[in-house]
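Student: Given chain A's structure and the hints, the job is docking chains B and C onto it.
Chains as they are written, first to last, in the working numbering: chain A, 24 to 236; chain B, 2 to 264; chain C, 500 to 721.
It is possible that part of the hints are untrue.
Unchecked claim - Cβ-to-Cβ under 8 Å is the rule here; a few derived chain C residues that face chain B:
| # | residue |
| --- | --- |
| 1 | E619 |
| 2 | G625 |
| 3 | F626 |
| 4 | E639 |
Said to hold, decoys possible - Label-pair ranges, simulated between beta-carbon atoms:
| # | chain 1 | residue 1 | chain 2 | residue 2 | range |
| --- | --- | --- | --- | --- | --- |
| 5 | A | G143 | B | N144 | 51 to 59 Å |
| 6 | C | G519 | A | G134 | 50 to 58 Å |
| 7 | C | A612 | B | A131 | 32 to 40 Å |
Unchecked claim - Covered stretches of chain C (in silico footprint by chain A; criterion: 3 or more residues with CB under 8 Å from a CB of chain A, positions within the stretch not fixed):
| # | region |
| --- | --- |
| 8 | 505 to 514 |
| 9 | 684 to 694 |
Bear in mind the hints are in silico, worked out from the structure with no lab data behind them. Quick reminder that beta carbons are idealized off the backbone N, C-alpha and C, glycines included.
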Amino acid sequence: MSFKLFNLLVQASAWTIGISAISIAIGFLLALVLSAALLSGKALYRRPAEFFISFFRGVPLLVQLLLIYNLLPFIGLNVPSIVAAIIGMSLCTAAYQAENLRGGFESVPRGLVEAADMVGFTPRQVFLRIKVPIALRLTFPALVNEAIMILKSSSLVSVVGIVEITRMAQDLASSTYLPIEIFSSAALIYLVICWSVALAGRFGERALPGGAK
Amino acid sequence: MTLPAISVRKLVKRFGQTPVLQDIDLDIPEGKVSCLIGPSGSGKSTLLRCLAFLEEASEGMITVNGEALGFFENARNERERLPAGQIRTVRSQIGMVFQQFNLWPHMTALGNVSEALKTVHKVPKKEAEARAMAQLVKVGLENRAGHYPSQLSGGQQQRVAIARALALSPKIMLFDEPTSALDPELTGEVLTVMRDLAAEGMTMVVVSHEIGFAATIGHQISFLDQGRLILTGAPATVFAKPRHPRLEQFLDTYLDRGASMLA
Amino acid sequence: MIFDPNVILKHLPEIAAGTGVTLALWIAGMLLGVLIGFLVATARRYGGRFIDLPLGLVVEVLRGTPFLIQIFLVYYGGPFIGLSLNPIPCGLLGLSIYASAYYSEIFRAGYAAVPHGHVEAGECLGFSRFQIIRRILLPEMALIVMPPSVNLAVILLKESAVLSIITVPELTTTVSAIGSQEYAFLEAIFLLAVIYWVIVEAAARLGRFAESRFSTYRFSTP
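If we strip away everything but chain A, and leave its shape as in the complex, we get (with noise of 0.2 Å):
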């Protein structure tokens, strides 16, 4: 196998990361609102946001993308397929993480917001300069999970034509006869990112505040 088709594959791999990278965002602004809606303890807000996620998380991914790949033209949206994966994505990897930080929030020690109140804390402030801080702390972990998670379910994107790594690797395995050598390099190149990731992961963990340095 030539460096020429592994060289396919890495520039395919730009696909890769950036759908995962723009997904992971978007999905997190999302699983904010969700995890909000869950905590509000307002059943008008918390249905609708458990409704979604059990939705997101008891479907297989390949058949969310089906069916939002479909559903966007049928309302008369006409978009790329790239746009189509990436929505299907982050609306994925929202209910995930809004479990997380559902989690998060609720792992924040009582006492912690108590010494808080007693020290004169407004609610807002207890919120913003204890609980999100330490409940981003608590599943900063999780997140690092879902990131590689993501990035490895973007392989499904290739059944709606988008040309990352794994399609790319279809294409050239097909066409070349070397299946074993091109899904092998594929295999590498994820592996290099994903144990990237968990490398930064665990980087960025020690440098947030109150990391074990």
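Tutor: Just chains B and C now, kept in the frame of chain A:
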């Protein structure tokens, strides 16, 4: 003079490069209570764990009733490891009681005590449970047989752990700080069981912070400091004044109710 | 486009068959994954460094690459090394290997969670290594490995949809084929999503029920 129950010769134990026990020579007399005392980190627990073969000594020999434990010296005077089956046979003469009880949480008290009889010695279930029950009676817990460890107090758990060790009829019982993990008001019931056992003539080796217990029921006291055996003897001689300066220092620092009695 | 229930009724036997293939592959893959995963975790624990390190590397590679790539490697690469498999056995092989990597990590954590003193207590009473695993470690870790195992089982059920890409005749393949055939692809995919949702919710509930039934004993302080 009878053969010692356990004899330790030139024992050295290192963790990596760090020596934790150096040149230990010790005889454990049969039918007597031997106590190992000393400050934290003196190596007394490690020595006891070597006697149970939970730690493998780096050098030296241990014999149990004349049989080599774990290692033996072959014809060319080399130290050689014994086969696992042989180790298990020699070890079966020894019962061990841990600081943290180490009861299996998924078995009842009766299950904990009867498990080794059933699994290791293939005693039929009914007989194993009858024998286990007899041991629970002995430690006064027959009415707790069906309880899980989490439903028992610390003192009760430790008594079950003693019954578990006794169920295999060991010739020697090792106790690793059996009361250190207990609330002060619960140590009494465990010490009582141990006292009864001593009165029956069981060979016992006890690592303990309870200097008072050591002084009153111990027949032989061994004082360790910084991995060395400083002195061994009858309590009357070991604790008699003038004391060894390091023992004096230890008793000053680790003064407990019992030790104050000696002062 | 009006949803026509008759279309579904007409294809009910096929949908049922597809669901059957999905469930069968899922359960078989999970059981094999648990078995292999347990053996891997046990070998890594007791086998010394020369077994632990290579196995650990394999596990990390399987966990760091997409399931789809692994499937492609077996399905398209297999014939080049004399392993020509039909889609169903290929899917089962892929799913079990994938599952075993994750299950081995669950069991590794389970082994690590049992206090070492509980093992030492068994050693002092003369238990062999096998007896210690069977009578002490396995039952004690069962409670610990249960929640992540149930979680993983649900993930595997969803991952099995990926097998449609190599034409395994499971639920996704069947229902999307019906969709194309009836010119009602969107409806078919919607139906597919609902079927998965129901199965996944049922599996998750069953798992939680099993967890609660399983915790008949309570852990003491270590």
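Student: So does C/A612 sit 32 to 40 Å from B/A131, Cβ to Cβ?
Tutor: Because 34 Å falls inside the window, the suggested range holds.
Student: Mind checking the hinted window 51 to 59 Å against the Cβ distance between A/G143 and B/N144?
Tutor: With a Cβ separation near 55 Å, A/G143 and B/N144 satisfy 51 to 59 Å, so the hint holds.
Student: How does the region 505 to 514 of chain C fare against chain A when you require at least three residues with a CB closer than 8 Å, holds or violated?
Tutor: violated (count 0)
Student: Between C/G519 and A/G134, does the beta-carbon spacing fit 50 to 58 Å?
Tutor: Holds, since C/G519 and A/G134 (Cβ atoms, about 53 Å apart) stay within the stated range.
Student: Quick check on C/E619 please, does its C-beta sit within 8 Å of some C-beta on chain B?
Tutor: 5 Å, holds
Student: Was the hint right that C/E639 lines chain B, CB cutoff 8 Å?
Tutor: 6 Å, holds
Student: Tell me if chain A covers the region 684 to 694 of chain C under the three-residue, 8 Å CB rule, please?
Tutor: holds (count 6)
Student: Would the stated hint for C/F626 survive a check requiring a Cβ distance to chain B of less than 8 Å?
Tutor: Given a least distance of 6 Å, the restraint on C/F626 holds.
Student: Less than 8 Å between beta-carbons is the criterion; does C/G625 satisfy it with respect to chain B?
Tutor: With a closest approach of 5 Å, the C/G625 hint holds.
The structure fails hint 8 only (numbered hints given earlier).
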